[in-house]
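Colleague: Sequence:
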Amino acid sequence: MQQTYGLTVVDTVLHKAPFCFDVSVWEIFWPLTAGVRLVVANPGDHRDPARITDLILKHEITTLNFVPAMLQAFLAHEGIEAQTRLRYVICGGEAMPAATQSEALRRLKGMSLQNLAKCQLGSPSPRRKLTCWTNLWSECRRAWRGELYIGGELLARGYLGRPSLSAERFVADPFGEAGGRLYRTGDLVRWNGEGQLEYLGRIDHQVKIRGFRIELGEVEAQLLSQPEVREAVVVAKEGPGGARLVGYVSAQAGKVIEVSELRERLGRALPDYMVPSVIVAVESLPLNANGKVDRKALPEPGFESGQEYEAPQGEVEEALARIWSEVLGVER
Numbered sequence: 018m019q020q021t022y023g024l025t026v027v028d029t030v031l032h033k034a035p036f037c038f039d040v041s042v043w044e045i046f047w048p049l050t051a052g053v054r055l056v057v058a059n060p061g062d063h064r065d066p067a068r069i070t071d072l073i074l075k076h077e078i079t080t081l082n083f084v085p086a087m088l089q090a091f092l093a094h095e096g097i098e099a100q101t102r103l104r105y106v107i108c109g110g111e112a113m114p115a116a117t118q119s120e121a122l123r124r125l126k127g128m129s130l131q132n133l134a135k136c137q138l139g140s141p142s143p144r145r146k147l148t149c150w151t152n153l154w155s156e157c158r159r160a161w162r163g164e165l166y167i168g169g170e171l172l173a174r175g176y177l178g179r180p181s182l183s184a185e186r187f188v189a190d191p192f193g194e195a196g197g198r199l200y201r202t203g204d205l206v207r208w209n210g211e212g213q214l215e216y217l218g219r220i221d222h223q224v225k226i227r228g229f230r231i232e233l234g235e236v237e238a239q240l241l242s243q244p245e246v247r248e249a250v251v252v253a254k255e256g257p258g259g260a261r262l263v264g265y266v267s268a269q270a271g272k273v274i275e276v277s278e279l280r281e282r283l284g285r286a287l288p289d290y291m292v293p294s295v296i297v298a299v300e301s302l303p304l305n306a307n308g309k310v311d312r313k314a315l316p317e318p319g320f321e322s323g324q325e326y327e328a329p330q331g332e333v334e335e336a337l338a339r340i341w342s343e344v345l346g347v348e349r
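Be aware that the sequence shown starts at 18, since it is given in the working numbering, and climbs by one per residue.
Hints are computed from structural coordinates only; laboratory data are not their basis.
A virtual CB, placed ideally from N, CA and C, is assigned to each residue, including glycine.
Hints should not be assumed to be uniformly reliable.
[What the hints assert, rightly or not] Each pair of labels, with its calculated beta carbon distance range:
| id | residue 1 | residue 2 | range |
| --- | --- | --- | --- |
| 1 | 202 | 235 | 16 to 24 Å |
| 2 | 230 | 71 | 43 to 51 Å |
| 3 | 230 | 303 | 44 to 52 Å |
| 4 | 340 | 255 | 17 to 25 Å |
| 5 | 124 | 260 | 34 to 42 Å |
| 6 | 303 | 119 | 19 to 27 Å |
Start from the sequences and build out the full structure, keeping to the hints where you can.
Modeller: Put into structure tokens, the structure is as follows:
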């Protein structure tokens, strides 16, 4: 980190991530090893935009980390333009929406966002190994998609007290030195033309709906491109007749989300199987302890048809309606 960003004695780093989050390691030891001032936030401050703003102003913070979802919440807080010393905002943990990046650069003058241009991961730092493998254990060539594996002498031994999870995630390096291991990240990546790794999304964010494989991130990107949408997340939920896509959105300040109009616009930009069956407007997306979107805490949707119901007419239509009701698992 110091070789890349070069903090000096005039810098101040804010440590606010929980200790269970890997970012906390560099938040603490980067400034200490570089001879830079370190400010330690109270537990829970990392989820409080008002408290973070106060710390930035009071201690003249120049460098801090944000998970993109928490950066969005921070940008929604009034008074952040008053900061004058902020130089580096380093983001990770989730894909960065382009709209969030643009708003941060516009409102936080004199600050630079790092590693965000194309969700580019770059190349490995010293003593680390980054590699990309397909599901057939073939090393990815340029532009091939695959899962990111991390190795090197800095790799942890495993998860404390969780041997089954360690065995699943920490695997033998099939082409490395004897005894070498790799960590399966679950991140979907590819090598670009410049020899850098680009982050494409999460492997567990790929779903299959009606036989079609869908990248949830692509649907989320379309939602975020709409002018009235501030935050968006898409998940697959089991409903009548099988799995369906559900979108959760929050509105930009002063904007109102008309769900029917939003779905209509999505239908012009996406294939019909990628348009969420239900879009739920919420005040804000729930966040977990690490500041990421908590998908498990999203409210349950109500699956309803977007078309007006027309009752079957006559014996034949009624018989057909009963058959299809049983097949699809719906009432009508």
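Colleague: Compare the structure with each hint and give your call.
Modeller: Evaluation of the provided hints:
no.: 1; hint: 202 / 235: 16 to 24 Å; in the structure: holds (20 Å)
no.: 2; hint: 230 / 71: 43 to 51 Å; in the structure: holds (46 Å)
no.: 3; hint: 230 / 303: 44 to 52 Å; in the structure: violated (27 Å)
no.: 4; hint: 340 / 255: 17 to 25 Å; in the structure: holds (22 Å)
no.: 5; hint: 124 / 260: 34 to 42 Å; in the structure: holds (39 Å)
no.: 6; hint: 303 / 119: 19 to 27 Å; in the structure: holds (24 Å)
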